[in-house]
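J.: Single-letter residue listing:
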Amino acid sequence: DGGITQSPKYLFRKEGQNVTLSCEQNLNHDAMYWYRQDPGQGLRLIYYSQIVNDFQKGDIAEGYSVSREKKESFPLTVTSAQKNPTAFYLCASSQGARQPQHFGDGTRLSIL
Amino acid sequence: RKEVEQDPGPFNVPEGATVAFNCTYSNSASQSFFWYRQDCRKEPKLLMSVYSSGNEDGRFTAQLNRASQYISLLIRDSKLSDSATYLCAVNLSNDYKLSFGAGTTVTVRA
Chain A
239 DGGITQSPKY
249 LFRKEGQNVT
259 LSCEQNLNHD
269 AMYWYRQDPG
279 QGLRLIYYSQ
289 IVNDFQKGDI
299 AEGYSVSREK
309 KESFPLTVTS
319 AQKNPTAFYL
329 CASSQGARQP
339 QHFGDGTRLS
349 IL
Chain B
33 RKEVEQDPGP
43 FNVPEGATVA
53 FNCTYSNSAS
63 QSFFWYRQDC
73 RKEPKLLMSV
83 YSSGNEDGRF
93 TAQLNRASQY
103 ISLLIRDSKL
113 SDSATYLCAV
123 NLSNDYKLSF
133 GAGTTVTVRA
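Residue numbers (my numbering), protein chains in the order written: chain A, 239 to 350; chain B, 33 to 142.
Calculated directly from the structure, the hints in this document are not laboratory data.
Do not take every clue at face value.
Restraint ranges, calculated between C-beta atoms of paired labels, are given here [as the list claims (entries may be wrong)]: (1) GLU253/A <-> ARG98/B: 45 to 51 Å; (2) PRO46/B <-> ARG282/A: 44 to 50 Å; (3) ALA99/B <-> THR315/A: 43 to 49 Å; (4) ALA49/B <-> LYS321/A: 42 to 48 Å; (5) ALA49/B <-> TYR248/A: 36 to 42 Å; (6) SER113/B <-> ALA299/A: 35 to 41 Å; (7) SER58/B <-> ALA335/A: 14 to 20 Å; (8) GLU253/A <-> ALA99/B: 47 to 53 Å; (9) GLU307/A <-> ASN44/B: 44 to 50 Å; (10) GLN255/A <-> PRO46/B: 28 to 34 Å; (11) PHE250/A <-> ASN126/B: 36 to 42 Å; (12) SER125/B <-> SER311/A: 32 to 38 Å.
Okay, derived cross-link-like pairs now, DSS-like style, lysine-lysine, Cα gap no bigger than 27 Å in a straight line [said to hold, decoys possible]: (13) LYS77/B <-> LYS247/A; (14) LYS309/A <-> LYS247/A; (15) LYS247/A <-> LYS74/B; (16) LYS129/B <-> LYS77/B; (17) LYS111/B <-> LYS321/A.
These numbers come from a predicted model, not from an experiment.
Cβ atoms here follow ideal geometry from the backbone N, Cα and C, with glycine treated the same way.
Construct all of the structure, not just a fragment, from the sequences and the given hints.
T.: Shown next, in the form of structure tokens:
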């Protein structure tokens, strides 16, 4: 089945630690995205990538980093500079601009 | 003013009722619009795209009002399983980014 796989489902971060969230898609989509969702709020865009080896900052990129070395993979690193990382992180992909985005089932990150 | 706004609700309706709600957007040049459904602690799932002439998918009807810059979602013959948060998404800049509303919560009661 085609889809987007995020791992892990739950992640705990210690103070001062960097953690990496995995996102893999087999939909052959060019574009991939990372969002953060806080309770009762909408999705906020962290980073997005239109094509391999290229990515752009979204609205809340500070404290996060990404890479796009392969079409199917778009990992997100939450660095120690992100002081409030507790949230639900969602990865998405789309065929292109102005197309609907399809989501993975998310990673819940908490601070220990 | 937020770029994409939704009435948070909640809309509490009995089974079989019709419920409708809107989503306003800030950029009159926006071209792409979508409705997503999000269940508690789950990922958003695409419900339907919204086309200029309006479109229907079973009990769900989506409409676009460009003059007043809003989209709407109507659910007919509500089922208990329709209870969820409905997110609108707008491609404000006609690029790759979607802007999401904070969601409208619908609760269908027996």
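J.: Next step is simple, just say for each hint if it's right about the structure.
T.: Hints versus structure:
1. Separated by about 49 Å at the C-beta atoms, GLU253/A and ARG98/B satisfy the suggested range of 45 to 51 Å.
2. A beta carbon spacing of about 35 Å between PRO46/B and ARG282/A contradicts the range 44 to 50 Å that was offered as a hint.
3. At roughly 44 Å, the beta carbons of ALA99/B and THR315/A sit within the given window of 43 to 49 Å.
4. Between ALA49/B and LYS321/A the CB atoms are about 45 Å apart, so this pair conforms to the stated range of 42 to 48 Å.
5. Between ALA49/B and TYR248/A the beta carbon distance is about 37 Å. The supplied range of 36 to 42 Å therefore holds.
6. Checking the proposed 35 to 41 Å range against SER113/B and ALA299/A shows it holds: the Cβ atoms sit about 37 Å from each other.
7. For the pair SER58/B and ALA335/A, the supplied restraint of 14 to 20 Å holds, since their beta-carbon distance comes to about 19 Å.
8. One distance hint, 47 to 53 Å for the beta-carbon pair GLU253/A and ALA99/B, holds here, with the actual separation near 52 Å.
9. For the hinted restraint 44 to 50 Å between GLU307/A and ASN44/B, the CB-CB distance of approximately 48 Å keeps it satisfied.
10. At roughly 49 Å, the beta carbons of GLN255/A and PRO46/B sit outside the given window of 28 to 34 Å.
11. Separated by about 40 Å at the C-beta atoms, PHE250/A and ASN126/B satisfy the suggested range of 36 to 42 Å.
12. Distance hint for SER125/B and SER311/A: a CB-CB separation of about 26 Å, inconsistent with the stated range 32 to 38 Å.
13. Distance hint between LYS77/B and LYS247/A is fulfilled; the C-alpha atoms sit about 17 Å from each other, no more than 27 Å.
14. Between the alpha carbons of LYS309/A and LYS247/A the distance comes to roughly 22 Å, so the proposed pair stays at or under 27 Å and holds.
15. For the proposed pair LYS247/A and LYS74/B, the alpha carbon gap of about 11 Å is at most 27 Å, so the pair holds.
16. A distance of roughly 17 Å separates the Cα atoms of LYS129/B and LYS77/B; the hinted pair therefore holds under the 27 Å criterion.
17. Taking the CA atoms of LYS111/B and LYS321/A, the gap is near 42 Å; set against the 27 Å cutoff, the hint is violated.
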